[in-house]
Structure formats: C-alpha cells, structure tokens
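Please work from the sequences and hints to get the whole structure.
Those protein sequence lines, which keep their order, are chains V and W. In terms of the working numbering, the first sequence is residues 1 to 249. In terms of the working numbering, the second sequence is residues 250 to 344.
Only true hints are included.
Cross-link-like lysine-lysine pairs, in silico, DSS-like; alpha carbons within 30 Å at most:
| id | chain 1 | residue 1 | chain 2 | residue 2 |
| --- | --- | --- | --- | --- |
| 1 | V | 198 | V | 116 |
| 2 | V | 116 | V | 6 |
| 3 | V | 198 | V | 126 |
| 4 | V | 116 | V | 126 |
| 5 | W | 265 | V | 129 |
| 6 | V | 129 | W | 305 |
| 7 | V | 126 | W | 265 |
| 8 | V | 129 | V | 6 |
| 9 | V | 116 | V | 129 |
These stretches of chain V come out as covered by chain W in the derived footprint (C-beta under 8 Å, 3 or more residues):
| id | region |
| --- | --- |
| 10 | 24-33 |
| 11 | 36-46 |
| 12 | 135-149 |
Heads up, incomplete: computed chain W residues facing chain V, CB under 10 Å, no partners named:
| id | residue |
| --- | --- |
| 13 | 278 |
| 14 | 282 |
| 15 | 283 |
| 16 | 286 |
| 17 | 294 |
By construction, these hints were calculated from the structure, which means they are not laboratory data. Backbone N, C-alpha and C fix where the C-beta goes; we use that ideal spot for every residue, glycine too.
The residues making up each chain are set out below.
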Amino acid sequence: MNDTSKFALALGDDALTMGQRLSEWISHGPFLEEDIALANVALDFMGRARMFLSYAGELEGEGRSEDDLAFLRDTREFTNLLMFELPIGDFGQTIARQYLVDAFEAPYFEALCNSKDETIAAIAAKVVKECRYHLRRSRDWVIRLGDGTEESHQRMQDGIYEMWPYVAELFEMPEYETRLAEQGIAVDRDVLRAGWEKEVMATLAEATLSAPQDGHAIRGGREGVHTEHLGFLLSDLQFMQRAYPGLEW
Amino acid sequence: MSNRELPLFEVFVRSKRGLDHRHVGSLHAEDHEQALEYARDVYLRRSEGVSIWVVKSEDVVASQEDDVETFYEPMEEKTYRHAMEYELPPEIKNM
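Here's what the structure looks like:
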C-alpha cells in the first residue's frame, strides 16, 4: 500500500469501528428519539467508512473492495485509533467518546477539505457537515449530563476519565501521514491540539466536569496494536462473511 | 431517563421555500433546542424540509369535542356563506 492508501485505510477503519460501536445502541437507546438520532450518527460513520475504504482499495490496486477490507482483515491489520474501538459502556461513556472525537473531527475534516488529493478533499467536504452536527449534539449532551443530576454528572465524569488516556492518539502522526502532510494531502494533527483543548475545556467547565491531570496515554492503533475489545467487535461485524465466505444479499 | 419525564413537542416542517409549515408529528425532548435536533433526526432524514418549528404540545390550545355545537354547527345553517347558494346570471359562463 502507498502512503495515501494507508491514510485512507486508517480513516476508514476509524469510521468503521465507530459506526459499528454506535450501531450497538440501536433499540437500546435511552428513549426513542435518541435511539433514532444515534442510529443516524452511526450511519454517517458507516457512509464515511465506505468512502475511505473503497478509495484505499482502489489506490492499493489489488482488487480489494470496501467489503473485502471491512470483513476479511484481522485485528492486527486494522489501523483505527484505539478510542474508536472501545466498548460503548453506559450512555455517559458513549457520549464522552463521541464528544472528544467530534471536537477533534469537526476542525480536522474542515482542514482536510483543502487536501491536494481530490478524492480525499471531496470525502472531507461531505464528512465535515456531518461532523459539525455530531459535535453540536454531543457537546449538548456533555453539558446536559454533566450539569444534570448527581448520577448523570458522575457517569459523564467517569466517561471522560475512561476516554482521556486515548485522546493523545488523536494528535499522533505515523510517518506516512507526516509525509502526506508535507505534500499537502494530509493535515498536521498537532496544529489542531490548541483549538481542541480550548473547545473541550470550555465545554467541561460549562458542564461542571473536570479533565484528568495526569498525562497517561495509551496508544498503538495505527500500528495495529489494539485493545482486547477490537477482536470482539470484529467477530460481530465479520461473522457472516467468515461463516459463509462470499455470501451476498 | 424515561419519556414520562420529558415534555412533548409538536413538530412543523416547511417542505419548500414559499410553502407553509405543516404539522408532521410530535416527539419527546428535554427542551426546545434538543427538540429541534431530534426533529431533524426523526422527521427530516430524507430531505423532507428546509425549516422546522417546534412548539411545546402543552402550549397548543385546541378546540374541544364539546365545542362542536357552538363552534361549527351554526355554520352549517348559514348556507348563504357559500358561493354555491347563488344562482349565476346566464351571461356568466365560467366561474
């Protein structure tokens, strides 16, 4: 795989694992309206996964389709960031992950709209509108739950603590991505860090929540070193293709 | 969180510029802001509209079944309010 293909694959894997996780809420949402809204967000991520994985396969040039990439790779070949594969936990944990990711993605995909790779830029242009809506929703929930009842505050705070060690990975660049950023195809993630911190700290303050102070960071997703959770996620996601290879419907 | 704690909102959607907002249904939400977001997710998934109104259902004042006698029945006896009550002069062919 060339650099751009790896880059598209990584963004596709991020979207696929997040889409799969969010879809676990379907029919388990806290109430009907939120159930539908979560499913909508899940679908946005699935749509994004399809676009990036198709493009990764096309650039690779070995005839692998989006489905081949989604259903026929094992954990070590997945390059999503660890935060995206973590279990949904309770609603507080789901919202914590979503907000921390959305606060990164809205400016990230906005910057990626200027990619010199036309396909990446076109996908980013479609995705950024969805991200802005996701952020509006998840920010709203963080404030609502954080500044809500004693229990909702505690669950929201626990979610933030649970997700915090995985945040550092959002701003890391594997070598191929650094090369792509130099060519104007990818975006320097570190440039977005100050804006992200400002956004997140303001929201946490409004939500009467706090951010952990220690810098403990868990990483490895882009190199295919995952948490134990990814295997379970893939066994759900890939079951049909593994049990009935080539099955279509 | 159960729905019993969440207020009900009525949702009105304008499907195109120039048309009126029409009632499309109702939903539960914490407040107006969240109701707008849910209205987007629940009722506008297939580009059904360009503008949304949400109104708390409790703020809608509706006529009651017992009002029928005083509100609507008197009109049925006032047929002269309908154009069909009048015979057109033969000179007028199309109306």
